[in-house]
Amino acid sequence: MTSLPDSQSAELAEAESSMRAGSFESAVEILAKIVERGEDPEAVFMLASSYLELGQYDDALRHATAAVKSEPSSAPARDLLAKVNLAQGDYDSALSDYEAVAALLREQTPAPPEQYAIPAHFALRNIEQLDHIVSANRDEQASANAAGEQLEGIRRGLAEAIDGADGEAPWIPVNQKSTRLFADPPFFKVPEERLPQYLNPEVDYEPIQQALSIGRLDSQVVDDFLTPDALEQVRKFCLESTVWRHPYKFGYVGAFPQDGFASVSLFAIAEEFLDALGDAFSEYQLAQWWAFEYDARLPGTDIHGDDADFSLNFWITPDSANLDPDSGGLVVWDKTAPSDWTFDDYNSGGERVKQYLEDHDAESTVIPYRENRAVLFKGHLFHRTDDFTFAPGFTNRRRSLTFLFRRRKG
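In my numbering, the protein residues as written are 13 to 422.
Hint data in this document are derived by calculation from the structure and do not stem from the laboratory.
Certain hints may be false.
[Stated by the list, open to error] Computed spacing ranges between beta-carbons, pair by pair: (1) E48 - T407: 50 to 60 Å; (2) S105 - E48: 22 to 32 Å; (3) D314 - Y128: 17 to 27 Å; (4) T377 - R420: 23 to 33 Å.
[Stated by the list, open to error] Here are the simulated EDC-like pairs of lysine to aspartate or glutamate, each with C-alpha atoms no more than 16 Å apart in a straight line: (5) K45 - E28; (6) K201 - E111; (7) K261 - D175; (8) K248 - E205; (9) K347 - D230; (10) K366 - D346; (11) K366 - D356; (12) K390 - E375; (13) K390 - E295; (14) K45 - E26; (15) K421 - E37.
What you are looking at is a predicted structure, and each value in this text was computed from that prediction instead of being measured.
By construction, the Cβ of each residue, glycine as well, lies at the ideal position given by its N, Cα and C atoms.
Please work from the sequences and hints to get the whole structure.
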């Protein structure tokens with residue numbers, strides 16, 4: 013590989029410094045000159061990123077497309093193209109891009125060492141999901157080795173280990189073919205056809221529109237959020253797609269777009285929700301989304317704030333799984349982090365956040381769990397999962413989806 017001239021390396025370093033400082037106009041000036049001199053992949057990628065930050069989406073699309081063409085196996089380049097298409101509201105292209113990103117990352121993930129460890133709750137939920145997929149007559153061959161008495165014995169052992177934990181989930185060794193299956197299940201994603209409608213047409217969004225228009229919306233509950241068919245489609249996607257790849261120490265597991273958590277239904281919900289809020293929400297766009305799945309024997313997400321103007325949480329587990337209807341949802345405080353706090357400061361939870369809320373006499377609102385309930389709130393407000401008591405069993409696990417909306421740039 014030919015090394016870059018010293019002058020060009022210095023220009024790239026200067027452009028990177030400008031981007032870190034938020035001076036994207038300065039970065040564009042530098043990077044555009046480099047790109048004009050020749051197709052340097054790093055400069056093209058950085059230029060597309062800068063245009064995206066400036067809200068110049070046509071230029072961002074042109075250069076992100078060039079970055080992918082220059083380096084087709086680059087997951088970061090394809091991820092950037094996905095973000096640009098998402099910002100433009102081209103959900104079909106964004107879905108195709110995120111599927112490509114997930115495939116590239118799977119192909120490029122290094123083989124694990126002979127022995128390593130994973131959280132017990134992660135292995136347990138993977139076992140339960142593989143068993144559920146077999147029961148649902150999907151991908152039976154991929155899960156054949158995980159069936160039978162051996163599976164049930166491992167399941168019992170993991171459940172006992174989690175029951176004996178004090179807050180954080182214990183870890184278990186991975187050193188055999190069977191346990192590797194539970195650490196990294198075969199990838200499968202439920203195919204979907206777009207439904208005629210996703211959001212419940214009976215919901216009146218006018219009160220939310222009015223609150224948004226006068227800047228008075230802190231949190232708002234929407235019950236019966238999705239149509240029955242849409243709820244069932246999303247639930248099936250979450251139950252049977254093996255896209256849950258991020259375990260957290262407090263007993264929950266996350267699914268993200270780069271893992272394959274992108275689908276027809278998810279983008280359709282975001283699109284219809286933006287349309288439902290109309291002009292009052294026209295300055296905002298879908299920026300990120302994920303889902304969390306919880307083990308009822310372990311705590312949920314700690315107090316944190318989101319990097320978003322507005323967050324939308326909605327819950328898909330049946331009410332029959334929730335053994336305490338007065339809890340299990342969301343706790344939202346009336347305070348946001350100080351302006352000098354970093355993302356890690358306000359997003360990672362911990363004693364500092366709790367002390368801050370106590371020092372500032374923050375008041376909390378508890379929103380109980382309900383199946384098919386959505387909660388829209390200011391994303392920077394501190395919030396956490398409420399204490400919950402859900403019935404055992406894979407389909408009974410508490411599942412929460414989050415969409416982040418940010419103000420359009422440019």
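Note to self: To test your reading of the hints: which numbers does this structure violate?
What the structure shows: Failing hints: none at all.
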